[in-house]
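4 protein chains.
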Amino acid sequence: MKTLLLTGFEPFLGHPINPTEQIVKELDGKETGDYQIKGKLLPVDFAEAQGQFVSYMNDLQHDAVISLGLAAGRECITPERVAINIRDGEPDNKGNAHQDALIEENGPAAYFSTLPIRAMVEELNAAGLPAKISNTAGTYLCNNIMYSMLHELESRNMTVPAGFIHVPASHDLVVKGSRAMPSWSQADLTKAIEIMIGVLAGP
Amino acid sequence: MKTLLLTGFEPFLGHPINPTEQIVKELDGKETGDYQIKGKLLPVDFAEAQGQFVSYMNDLQHDAVISLGLAAGRECITPERVAINIRDGEPDNKGNAHQDALIEENGPAAYFSTLPIRAMVEELNAAGLPAKISNTAGTYLCNNIMYSMLHELESRNMTVPAGFIHVPASHDLVVKGSRAMPSWSQADLTKAIEIMIGVLAGP
Amino acid sequence: MKTLLLTGFEPFLGHPINPTEQIVKELDGKETGDYQIKGKLLPVDFAEAQGQFVSYMNDLQHDAVISLGLAAGRECITPERVAINIRDGEPDNKGNAHQDALIEENGPAAYFSTLPIRAMVEELNAAGLPAKISNTAGTYLCNNIMYSMLHELESRNMTVPAGFIHVPASHDLVVKGSRAMPSWSQADLTKAIEIMIGVLAGP
Amino acid sequence: MKTLLLTGFEPFLGHPINPTEQIVKELDGKETGDYQIKGKLLPVDFAEAQGQFVSYMNDLQHDAVISLGLAAGRECITPERVAINIRDGEPDNKGNAHQDALIEENGPAAYFSTLPIRAMVEELNAAGLPAKISNTAGTYLCNNIMYSMLHELESRNMTVPAGFIHVPASHDLVVKGSRAMPSWSQADLTKAIEIMIGVLAGP
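First to last, the sequence lines map onto chains A, B, C and D.
Take 3 as the starting number for the first sequence in this note's numbering and just add one per residue.
Take 3 as the starting number for the second sequence in this note's numbering and just add one per residue.
Take 3 as the starting number for the third sequence in this note's numbering and just add one per residue.
Take 3 as the starting number for the fourth sequence in this note's numbering and just add one per residue.
Do not rely on the hints blindly, as some may be mistaken.
Note: identical chains are not told apart, hence a pair may lie in one copy or across any two.
Unchecked claim - Subject to a maximum C-alpha distance of 25 Å in a straight line, what follows is the list of computed DMTMM-like cross-link-like pairs (lysine to aspartate or glutamate):
no.	residue 1	residue 2
1	K134	E106
2	K193	D174
3	K178	D102
4	K42	D30
5	K96	E107
6	K134	D174
7	K178	D90
8	K193	E154
9	K178	E124
Please keep in mind that the hints were generated in silico from the structure rather than gathered at the bench.
Can you make the complete structure from the sequences, with help from the hints?
What follows is the structure, given as structure tokens:
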């Protein structure tokens, strides 16, 4: 059976919880379609997350890689189309911030996701769940992990499907964090990711 | 056993479905706390909805009255605090529109909801569902029904708990309507309304 | 010549400036149509603002009263339709907060603005400035001042035009406050208020 | 004296006017810093705009190239950081739409703007005008023009400063189009672009 590396993030920027953490815990070990899911958590720390992520990729020689991140304020599930070679924005959980910095000094400006993002959106819609392709993963750690993942695979000439999916806030996050924003139940979020993995495994 | 009149609306303004219709159908006949729920549907028609609503109130002599409406674009469940004596805005499903018109020529400027809206919000939050009090029900048919309901009860010197609750779009509505906005699963919406009725029935 | 009392607020809730303060300073003493403008500033303090406002009304026996407030996040000029008998929400600048409290123990649920709000919106649009009627002034100090103003005039059987206008953020506020939101130039804001006063004075 | 090619677009997607058209007309022929501005208008037509744009670039051998586009819904001036090799989204004014299509079959995933976008944002803020860097120019014609511009310059090994700036709606557009969104006065928009060109010309 093929394996899929699925990562989520710990809480960040003052959010009390991160729904991607729970998705990854719930799906770890499950079999969906052709894949057994290996769930892993990443720290919100520019200095550590990238190295830890690459070591997860190395250890397990996965047949597919999907990273998940919280996009607080988005209304629906948004697979990302592209990662750009930039670190910029708010400080990470260690207090380190970057401005207009390159992720890879000699890397290209961007990499496209190699996930079937259009089919994933269509499958979610068919299942009654709102989704659309996003054209920016931002310039924070989510974009960094997506860029590093695709750069690493490119460097090794590996063509396994790989990419990043942003999810909206969970109801829990809104209630505990007392910040108004669109939210889904945790169950809906997890179900959506399972459906998307199902597309990956598809015919 | 006490009875509770629960109304929803048919689809309107180009939305292909109205999640309040399904909530009302699912809860019709159910017993929650002290109340048996009588679910009824209203047309999006200024000329008919109000009369039909009052006749529902008359027929059944309910011990509580809650009307539901869709607030496309809102992120969470919002019990309304106040209804104002105004009809204004987009045309209804019959094509009739009003501008700055009074609902009741000699009615007061506004009525406050007599539902325990603060306790309802707290109970939803305790159940992990985002909710907050809204201070405007708009000036369209939702506000009209809420105002008429409270005016009717006032006219009869009746003090049964009565008010209006706006709900966000359902996932289904977003997918079928192809308009991006915050959405909840239909199941979450129905559960939220049940929890709120439970508060009403409370000690 | 008739006089018009025009009030603005000092900065609040962490905003470094309040564009209504500058509007009031710029228009103080000016003559627009039939009115000479008397500009006054109010503190963001539930305990003091109301009393101070009523004393301004008393002192000068104005022929019209308009209060201005900042609605951070709104996109355009919004004359308010209605003020409700509620104090609720964030703490004021003295740290005092209220929840679901009445402004006037025996006052009605709401008062409608007696300004020509529809004509004001139309005149702004004709001048190329976006505007629309708002149906909620919130439950914070802006609503409080509007309610108190209209309650005071009602108590004295006075029928001078009176109401509240919310304005969007100014460019300056966004730049200095580092919070992203819609904004207008200060000059556009001041011009809009002058145009609205011109409507008041109209034939 | 150096020359700068400045392009705007005609109206599109049902917007009655396009504020970038007016900016370009107002600035055409003006001298700002080291540059004389050559203003040109582009059609909202995937098939024609790109070729026309490249011919403008060829004809005049400009020392800098800036394209402007309307980002309806954005709150402030947003110089774009990156253009991606994708055509996707709504139909253009000729009714042609694309989905997940490449702009250049053998082009890289993305190009970064070569304008001093950080300095431009800082200069606007210093002048009291809200601005921030945007990390997505979308996948419609604006992104297409930005990508084509940078691809063309790269192909010729030319290093003139080049990029794309999105502007918010103008007040006029909101009033004439009857769609609520953040807006600036046309004068503020034109002033902002002039300030940004001034940065380009800088020391």
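Hint check results:
no., hint, verdict
1, K134 to E106, "between (28 Å within a copy, 24 Å between copies)"
2, K193 to D174, "both (16 Å within a copy, 15 Å between copies)"
3, K178 to D102, "between (33 Å within a copy, 22 Å between copies)"
4, K42 to D30, "within (8 Å within a copy, 45 Å between copies)"
5, K96 to E107, "within (23 Å within a copy, 42 Å between copies)"
6, K134 to D174, "both (23 Å within a copy, 14 Å between copies)"
7, K178 to D90, "between (28 Å within a copy, 21 Å between copies)"
8, K193 to E154, "neither (29 Å within a copy, 44 Å between copies)"
9, K178 to E124, "between (32 Å within a copy, 12 Å between copies)"
Going down the numbered hints, you'll see the structure goes against just number 8.
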